[in-house]
Amino acid sequence: MKIAISATEQNENSRVSDRFARAEYFIIYDHDSLTFKSIENPAKKEGSGAGGKAVKVLGDLGVDIVLVPELGPKALDALNAFEIKSYQYPREKTVREVIYMYFEKKLPELLVSTSKGRH
Amino acid sequence: MKIAILSGKGGTGKTTLSVNLFSFLKKATLIDTDVEEPNSHLFLKGYDLLEEGVYKKHPVVDDEACDYCGACGNFCNFNAIIPAKKKVLVFQDLCHDCGGCKLVCESGAISYKDKEVGKLYHSTIAKNKKFIYGNLNVGEVSGVRIIESLKEISKNEEILLIDSPPGTSCSTVAAIEGVDYCIICAEPTPFGLSDMRMVVELLRAQKQNFGVVVNKSNLGNDDIYQYLDEENIELLEKIKFDREFASILAEGKILINHSEYFRNKMKNIVKKVMGDNCDQ
Numbered sequence: 009m010k011i012a013i014s015a016t017e018q019n020e021n022s023r024v025s026d027r028f029a030r031a032e033y034f035i036i037y038d039h040d041s042l043t044f045k046s047i048e049n050p051a052k053k054e055g056s057g058a059g060g061k062a063v064k065v066l067g068d069l070g071v072d073i074v075l076v077p078e079l080g081p082k083a084l085d086a087l088n089a090f091e092i093k094s095y096q097y098p099r100e101k102t103v104r105e106v107i108y109m110y111f112e113k114k115l116p117e118l119l120v121s122t123s124k125g126r127h
Numbered sequence: 202m203k204i205a206i207l208s209g210k211g212g213t214g215k216t217t218l219s220v221n222l223f224s225f226l227k228k229a230t231l232i233d234t235d236v237e238e239p240n241s242h243l244f245l246k247g248y249d250l251l252e253e254g255v256y257k258k259h260p261v262v263d264d265e266a267c268d269y270c271g272a273c274g275n276f277c278n279f280n281a282i283i284p285a286k287k288k289v290l291v292f293q294d295l296c297h298d299c300g301g302c303k304l305v306c307e308s309g310a311i312s313y314k315d316k317e318v319g320k321l322y323h324s325t326i327a328k329n330k331k332f333i334y335g336n337l338n339v340g341e342v343s344g345v346r347i348i349e350s351l352k353e354i355s356k357n358e359e360i361l362l363i364d365s366p367p368g369t370s371c372s373t374v375a376a377i378e379g380v381d382y383c384i385i386c387a388e389p390t391p392f393g394l395s396d397m398r399m400v401v402e403l404l405r406a407q408k409q410n411f412g413v414v415v416n417k418s419n420l421g422n423d424d425i426y427q428y429l430d431e432e433n434i435e436l437l438e439k440i441k442f443d444r445e446f447a448s449i450l451a452e453g454k455i456l457i458n459h460s461e462y463f464r465n466k467m468k469n470i471v472k473k474v475m476g477d478n479c480d481q
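Protein sequence lines correspond, in order, to chains A and F. Taking my numbering, the leading residue of the first sequence gets 9, the next gets one more, and so forth. Taking my numbering, the leading residue of the second sequence gets 202, the next gets one more, and so forth.
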């Protein structure tokens, strides 16, 4: 199982991002091998449709779950199409902390979008 | 002769200038290409009203025929089409209708469907005076298609005035494409000057002829005049701010019918820009 988290820096101790699809990096935690990997978010500078693109990138990497600060309607549509579940983290935490919170079932699942998308 | 009135900064007086120049001329067509927030029509009461839709195509994917190769998604620059696991997502509002996804699709799964993005409103204001404006539907991302329709309809007009959108984006570029002259309507404030510089850069890159009308010339500071001087840009006219003007405009009236001062300013601008090109 792979979990992707929007992050401000390239390691698991970095602060989580306030944006999902326009975050600087995604940290991908592989729960089978217990390893972390970081990728630069190729969607962050898109003129439009960053949400869809970010989800596509994560979907192609085989991500099963994303931990996000908020989600626009297009990102949510795309997550559903890629069969990726999303959970909302509180701000100002680190990547490691929100992963613990996820496993402790402290993060609510997002079933409707939380924002209108910001372009 | 085709003349675009543009500004960079919003609220400098593009529409005031456009509708008054239009009213001053005996024979002319005005198009309002600020389709996100058209407002020339607030000043121009016409007849023979005609409404028509403007349409844009967007892709529709046959999920059965699709082999999920991903080519369409890789091609699209705007993330309007995203192939997922068992279906292809299409975000209609992001689509720029370039036709590229269908071209790269080898399984023939993509067709196109029309969607109305806005409307055109035609009217006659007086003999030899036509006015057309466009209005973008709420939620649509780009008004370029509507601006192109306005330009296409009016391409054979002898005297065409174009009330352009503010800024220097795609909409503005579409509005000024193919014109003979651009009038920048600027205001002498730091913000006004800063945005005007971007317009000047745009117009120079597009190799357009242009001049500047400084509106509300008794406000702000003198930096704009120094800039025009340094850059060797023609100052067509200075128009003062007057509370009386604001109140006439707020009633939706045409200023030249109420102010001799303003009428003379329009006359000078027309003379400088059009020369003997027009019959007043």
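Honestly, the hints are just simulated from the structure, not real lab data. Every residue gets a Cβ at the ideal spot worked out from N, C-alpha and C, and that includes glycine. Each hint should be verified, as a subset may be incorrect.
To be verified - In silico BS3-like pairs for lysine-lysine, Cα to Cα no more than 27 angstroms straight-line:
| # | chain 1 | residue 1 | chain 2 | residue 2 |
| --- | --- | --- | --- | --- |
| 1 | F | 320 | A | 52 |
| 2 | F | 246 | A | 10 |
| 3 | F | 320 | A | 53 |
| 4 | F | 356 | A | 45 |
| 5 | A | 114 | A | 53 |
| 6 | F | 246 | F | 408 |
| 7 | F | 472 | A | 52 |
| 8 | F | 441 | F | 352 |
| 9 | F | 303 | F | 246 |
| 10 | F | 286 | F | 473 |
| 11 | F | 258 | F | 330 |
| 12 | A | 93 | A | 113 |
| 13 | F | 468 | F | 288 |
| 14 | F | 227 | F | 473 |
| 15 | F | 468 | A | 10 |
| 16 | A | 114 | A | 45 |
| 17 | F | 320 | F | 288 |
| 18 | F | 288 | A | 52 |
| 19 | A | 10 | F | 288 |
| 20 | F | 468 | F | 246 |
| 21 | F | 287 | A | 93 |
| 22 | A | 93 | F | 288 |
| 23 | A | 53 | F | 246 |
| 24 | F | 472 | A | 53 |
| 25 | F | 258 | F | 439 |
| 26 | F | 303 | A | 53 |
| 27 | F | 356 | F | 439 |
| 28 | F | 210 | F | 314 |
| 29 | F | 473 | F | 287 |
| 30 | A | 93 | F | 246 |
| 31 | F | 228 | A | 53 |
| 32 | F | 320 | F | 287 |
Stated by the list, open to error - If you want the footprint, here are the derived chain F segments under chain A, 3+ residues with CB under 8 angstroms:
| # | stretch |
| --- | --- |
| 33 | 335 to 342 |
| 34 | 436 to 445 |
Checklist line | Hints the structure fails to honour | finding: 1, 2, 3, 4, 5, 6, 7, 8, 9, 10, 11, 13, 15, 17, 23, 24, 25, 27, 28, 29, 30, 31, 32, 33, 34
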